[in-house]
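There are 2 protein chains.
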Amino acid sequence: MKTIYTFGNGKAEGRADMRDLLGGKGANLAEMNLIGVPVPPGFTITTDVCKLYVSKGREAVVELIKDDVVKSIHHIESLTGNKFDDPDNPQLVSVRSGAPISMPGMMDTVLNLGINDAVAETLAKKSGNPRFAWDSYRRFVQMYGDVVLGMKPQNKTDIDPFEEIIDKVKAEKGVKLDIELDVDDLKKLTVLFKEAVKKNTGKEFPTSAWDQLWGAIYAVFDSWNNDRAILYRQMNQIPDEIGTAVNVQAMVYGNMGNTSATGVAFSRDAATGENIFNGEYLINAQGEDVVSGVRTPQQIMTEGSRRWAELQGIDEEERKAKYPSLEETMPECAAQLVEIQQRLENHYHDMQDMEFTIQNGKLWLLQTRNGKRTGAAMVKIAMDLLREGQIDEKTVIKRIEPTKLDELLHPVFDKAALDSARRVAKGLPASPGAASGQIVFFADDAEKWAQDGKQVIMVRLETSPEDLRGMTVAQGILTNRGGMTSHAAVVARGMGKCCVSGAGEIKVSYKNRTVEMGGKTYHEGDWISLNGSTGKVYDGQVKTVDVDMSGDFKAVMDLADKYTKMQVYTNADSPRDAKVARRFGAKGIGLCRTEHMFFEGDRIKAMREMIIAENVERRKAALAKLLPLQRGDFEGMFEAMSGYEVTIRLLDPPLHEFVPQDTASQEELAQELGVTLDHIKHVVASLKEVNPMLGHRGCRLGNTYPEITEMQTRAIIEAAINVQDKGFEVHPKIMIPLVGVYNEIKMQADIINRTAEAVFKERGKRVSYKIGTMIEIPRAALIADQIAKVADFFSFGTNDLTQMTFGYSRDDVGKFLNDYIKAGILKNDPFQILDQEGVGQLIKMAAQKGRATKPNINLGICGEHGGEPSSVKFCASLNFDYVSCSPYRVPIARIAAAQGALEN
Amino acid sequence: MKTIYTFGNGKAEGRADMRDLLGGKGANLAEMNLIGVPVPPGFTITTDVCKLYVSKGREAVVELIKDDVVKSIHHIESLTGNKFDDPDNPQLVSVRSGAPISMPGMMDTVLNLGINDAVAETLAKKSGNPRFAWDSYRRFVQMYGDVVLGMKPQNKTDIDPFEEIIDKVKAEKGVKLDIELDVDDLKKLTVLFKEAVKKNTGKEFPTSAWDQLWGAIYAVFDSWNNDRAILYRQMNQIPDEIGTAVNVQAMVYGNMGNTSATGVAFSRDAATGENIFNGEYLINAQGEDVVSGVRTPQQIMTEGSRRWAELQGIDEEERKAKYPSLEETMPECAAQLVEIQQRLENHYHDMQDMEFTIQNGKLWLLQTRNGKRTGAAMVKIAMDLLREGQIDEKTVIKRIEPTKLDELLHPVFDKAALDSARRVAKGLPASPGAASGQIVFFADDAEKWAQDGKQVIMVRLETSPEDLRGMTVAQGILTNRGGMTSHAAVVARGMGKCCVSGAGEIKVSYKNRTVEMGGKTYHEGDWISLNGSTGKVYDGQVKTVDVDMSGDFKAVMDLADKYTKMQVYTNADSPRDAKVARRFGAKGIGLCRTEHMFFEGDRIKAMREMIIAENVERRKAALAKLLPLQRGDFEGMFEAMSGYEVTIRLLDPPLHEFVPQDTASQEELAQELGVTLDHIKHVVASLKEVNPMLGHRGCRLGNTYPEITEMQTRAIIEAAINVQDKGFEVHPKIMIPLVGVYNEIKMQADIINRTAEAVFKERGKRVSYKIGTMIEIPRAALIADQIAKVADFFSFGTNDLTQMTFGYSRDDVGKFLNDYIKAGILKNDPFQILDQEGVGQLIKMAAQKGRATKPNINLGICGEHGGEPSSVKFCASLNFDYVSCSPYRVPIARIAAAQGALEN
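Residue numbers (full-length UniProt numbering), protein chains in the order written: chain A, 1 to 904; chain B, 1 to 904.
Accuracy of the hints is not assured; some may be wrong.
Unchecked claim - If you anchor each label on the Cβ, the simulated ranges turn out as follows:
#1 N879(A) / Y563(B): 46 to 56 Å
#2 N879(B) / D678(A): 54 to 64 Å
#3 D86(B) / A758(A): 33 to 43 Å
#4 K844(A) / N226(B): 32 to 42 Å
#5 Q455(B) / D678(A): 52 to 62 Å
#6 D678(A) / D167(B): 54 to 64 Å
#7 S55(A) / K844(B): 36 to 46 Å
#8 E729(A) / I821(B): 40 to 50 Å
#9 D678(A) / N226(B): 27 to 37 Å
#10 A758(A) / P411(B): 30 to 40 Å
Note that these hints are calculated values from the structure, not bench results.
In this text the structure is predicted, and so the values were computed from the model without any measurement.
Using N, Cα and C, we set each Cβ at its ideal position, and we do this for glycine too.
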């Protein structure tokens, strides 16, 4: 059994594909050696050793690897010419953990291992920088004490014993910053640190490099089974058995003097995706100096340096003097770096983010990884690499992070304008995009102001269907209450409208028409700006810019369509939404909610008349008024979606959502309908429910009031015939909501078929239509084999299915969801990311049962999850026919669907 | 293939065990012949013929059975000496359907088939009763027209064309009753009827007996696939393939004169179970005369007749003259009947309910079946039959209808008193028993009045946990709203207290302290009586009687325990309930709800203080006040259940149930706690939820406020140690409610174990305890394999599991449930009878998954279904360890569990 793999000087015993054995870090260090990149030499103790450590214990493992560790340290010494544990010519090393899957919660890094008093003296002399030597030493003692000897407090609010000592020393000296401590202070700190270790552990701090090394190795292996690591594995379904590797590597320093430097570099521009090598460095510095902001980092390339100086208003002379490029200061190293970054990109076929250190004129790469980038850069780089022949089409698709596309689909704030904007509140990023407008509090006002040509932002405690018209004309919506799936959030996403929800810190007063936030009282008409992608709210009007959606974006989308096996439909309640979605590539409507239509214009009156009706005849009379309006709605939808399927859901929400709750409106309604206020109040009270989510709604309405289903079916079929007559191609699908019992769908289907046949007879022509159901009640999934006898299609309503499978009310889950995610009880919000383990099990079961009855049954989902990538891939893995999502999520779903097809 | 089985004159080709082939009725008619009971001769066309009729069509079947039908009619003729289709010596027959499983919705019966004008004349002459002949004729035409020729309106509100004619004829004659029509009128009706048939069907009414017979046979087979029959089969999971048989039998008449009679008889007393043959008869009468109440029926036995006369205040002379027994009027027939009833009982080994007809001095049995009986009679008869050696122990258990035991467990109204009582309202029979009391509307008053020694009935719109103390002292509860599983109903059943819920017609005014019902306004203090077994409400005070629970009742229960494999536990929240349940045979507590305890006495104050607390410290301080109180509660439970398991559920309901909703109480609370009213109002508002059922409750509370779980665990463990110290045997089980995610139970279990260990350390001794969970969220069933890693036991909370699996809110389901049951969408209320198809699937899955992880995991249920027989049997079929139900349902569950064990 080979327990250790060495690397260094262009050779390595491991490879990139030995990730399971060497961990991600170890495999990658080996690979860089193999392609000739200069990497400090070292070795990797395998994950197999970790497994043995867990099963057989420490002694067995030491016995097994002792000789190999010594040999491997000699391997490092032979390449560097230094000696481990030798005060005259010391070799220091770093020790890092590295599992096959990146795993926070484990022991991470110990640097400068091998140091002691004598070594520190030697380092001070050799580097000519005693401060560096002693700072390294005291840092090592602290790091080793905290991490290896377990002195770091478990509770974050408790104080690290080493920090306590530093504070005391600084206080005695009367200084505030670490940098103000001199060499003597650092020496003193080291002594105090070691005393603290003795007091705490009862043992002297180890001065032998070998003792230090073994302690660090044990610490890595022990950390594999600490509570945080176990919890992380549980939450991420990582097996406990895979173990971690240990990487030991020679230390190199960028702060050894003026021929030393350190920096970070990107093989392409991470913001725009342009193929320009770029990066920053500092001479005589450590890695953390580059990012700490104490010194101003310089550009690696002269070209980039000049552009940078121009932006900063620095002239060429000053630039050359104060901020020369690496090309100018260390031309050989710079040329080598340019060559290496190209080699790494060509090898990994992706934009690389690299860390390097130059020690005494010699360049070392410490890390390379695929670089993080913006959505725009992601798209451009992928398509550029395709055109360069570096990657193929499938790889382009796999490279796209679907959610990042969102950045490309909504207006965004101008970066400069945003930098100077004042943030006044933060809520949930409920619906992406940027918007500025004048504050209004009521839907009526929003409409009036918008008619006057004003841009408005609706600010509400929460929204309800009555606010719909106001939301339609507003630039954005800000609410005090409600989560990512609150009414405001769901509706806004459907409209592609910017929304910040659940901003708990703002104080809304409808009475005074004010909202307090960021220490200021805003009145109706004051300007604010919302970033729905971040949840941030800004004072005043912040400038926005639009993003280009053609070019590479379109090319990526075309590739997705080429490889996908699943269609992407959209949830749309109006022809306008349908058109937007079609532009984004939607291939049908998977959910058209008819209830939103009932709030438009005067039709709410007829709706209310229907609800208040005391008998079937009066109800039918009121429904007759709604019929032509609904028919008109559906005609618009069918025309906008000509050639594609349009799935119309029958009335779903409980009736109480349609009746006025305040006495004034109730009085008005009573007068209009010629009934008493008492009667209205009685009806409104009788509609009240303890748990409306589980109440009289969905097909329960259609089954207790069949005349509603009749009217809606008539409107759909008549509209389909009318639009077909105009030469369009119509494909209506009628969807019955909230089915849980076989007879529910059977009876609804009977009504639909009977009504459709009646219309066909009247009109003397037919259209083909399909009948299906939402699977959104757990019981529906359990008896899907029966339901499929009647249903042509299933559309999984994952919002409600999640509510009932978990027993969580979307409206109330905010009371404990954040606590649950913080405590690690839930990995994430199941209303955002489909719970494949629980809810997914029901979906899978329903799909199987449905197909057992009807092999070609049409399957899709239309919950909020239809636009969430992991959920879309889950649907693809079940060979669904389509997912349906809000218009602005269509491109995201298209990519995710294609990725799902490639993964299967 | 034998298509027809004949019977008659003590011979039969069929047998009782040929039910599948001959249907229930046909098999039974054959059997009676075989044991020598005189039955009018006839024949049965098999279910196989029906199957052919469905698959091959009418012609094929006629071809197949034509000759056999003719032969079988000759068989009847040979035994009766009459001739079918012969006007001089006519043989009339009845035609009845009869499937292997009794099935309403099909064609039922056509009597007097074979009649026409000539036959009617003959009948009139032979019987000397022309009215009988012509009434039989016109009835036949109507029955045949309705049933065979399809003239019965499908819609129940439409008028039967024949009834229309009768009404017209009666109107012309100026009479009101059918009986007022004379022979000429009946002749006229027959003519009009036949005209209506011609008008309606386009064909003459068939005068040939053979045509009539074939028409009736077709009609039976056709009715197998009519809508109602199909729906009934669907709802009752009866296979479509089994088909129905057709029974053709010679007619006999009890109204041929004074040597003819008809009656019904019981082999034992159906009310008391006493072994006394009894029954009623009428001379010269038809079956329907006995039950119609126009004439007073006479007793069969002289002994019975004397007892009857005494009760009626009729002296022996008058009795003998007006109401002689059959023994006195037709001694030979009576003696024969006595002998036959004994033979039938000995044959069927059960009390028989018989119909007989005496035609011209000759006794015929038309039907025998196991007789309906009261709960008391059921128990007595079963035990008597066991002692008589007629049946064995297992049969005794199978014979008990579990729900009928309920009659034996609660006080009932005195029958005579009830007869004269005025019914003023009707609600749901929410909790059985009878109770009288004075009306009170508020819990406080109930307590005060009860302290004064008054009997009170609480009348409420609905009840809440705040009413608990009032309910405890009340005789019964009447509510305006809420179903069988409303708060009032569930709590009342738990207390074994009479409750009528959801009496929608009553009008309660808290303000006036009045309730309007039955046209009268009742004030506080007025007397009413409730029957919780029927849902009826009576004016005034109705006398009640208690029932004996020893003797045969105890004997039956002992038998149940001998054969059951599943234990019956009880749901009990107080030592008093626990003791009652133990007396009823409960072997443990399956659910002790700790929240009810928080309402008792002053402890609600500490509970509120805990909820209002702004931080952990204050919350812990309030919990510390609750600790000794809870510990005391648990001590009482452990003592009462010494030797048995006590399952204690941690806090479950949402906190808003504990805080006062009205400003006055809130002000009081604010003063007590020294906080502002605004703060109280803020907390109360923040606890409000849109769907509290799916909100912040169950273990979600324990996970966000771990200190609650700590306090409750400490109370349980300390109580267990204290009670163990006193010499009792304690078996605490700690039950975590509303688990849906693995980490929820893991974290709760960690808290419980940690707390328990702390207590053990403090006290220096240990008790063994178990940790388990309710499976009441669909997701919990889906991931039961994970949950079982932590849980020692699962208790299925079928109430909530039903709510979430169906998506029905128990509190709101009343809005559509009745409509659903009426329309046949649901077979019954899933909150009363466990939905084995949907919810049961989840239970089965969870049981399998749980056992896969932990083969010996302890399984039970504690929902309302734990006392419902079919649900208990379902649990038995899954080899559950226990079911838990309210104390008064324990005996029912014990029998059902034993029956389940015998069925497996």
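So, going through the hints one by one against the coordinates:
no., hint, verdict
1, N879(A) / Y563(B): 46 to 56 Å, "holds, 50 Å"
2, N879(B) / D678(A): 54 to 64 Å, "holds, 57 Å"
3, D86(B) / A758(A): 33 to 43 Å, "violated, 53 Å"
4, K844(A) / N226(B): 32 to 42 Å, "holds, 39 Å"
5, Q455(B) / D678(A): 52 to 62 Å, "violated, 37 Å"
6, D678(A) / D167(B): 54 to 64 Å, "violated, 42 Å"
7, S55(A) / K844(B): 36 to 46 Å, "holds, 38 Å"
8, E729(A) / I821(B): 40 to 50 Å, "holds, 44 Å"
9, D678(A) / N226(B): 27 to 37 Å, "violated, 46 Å"
10, A758(A) / P411(B): 30 to 40 Å, "violated, 58 Å"
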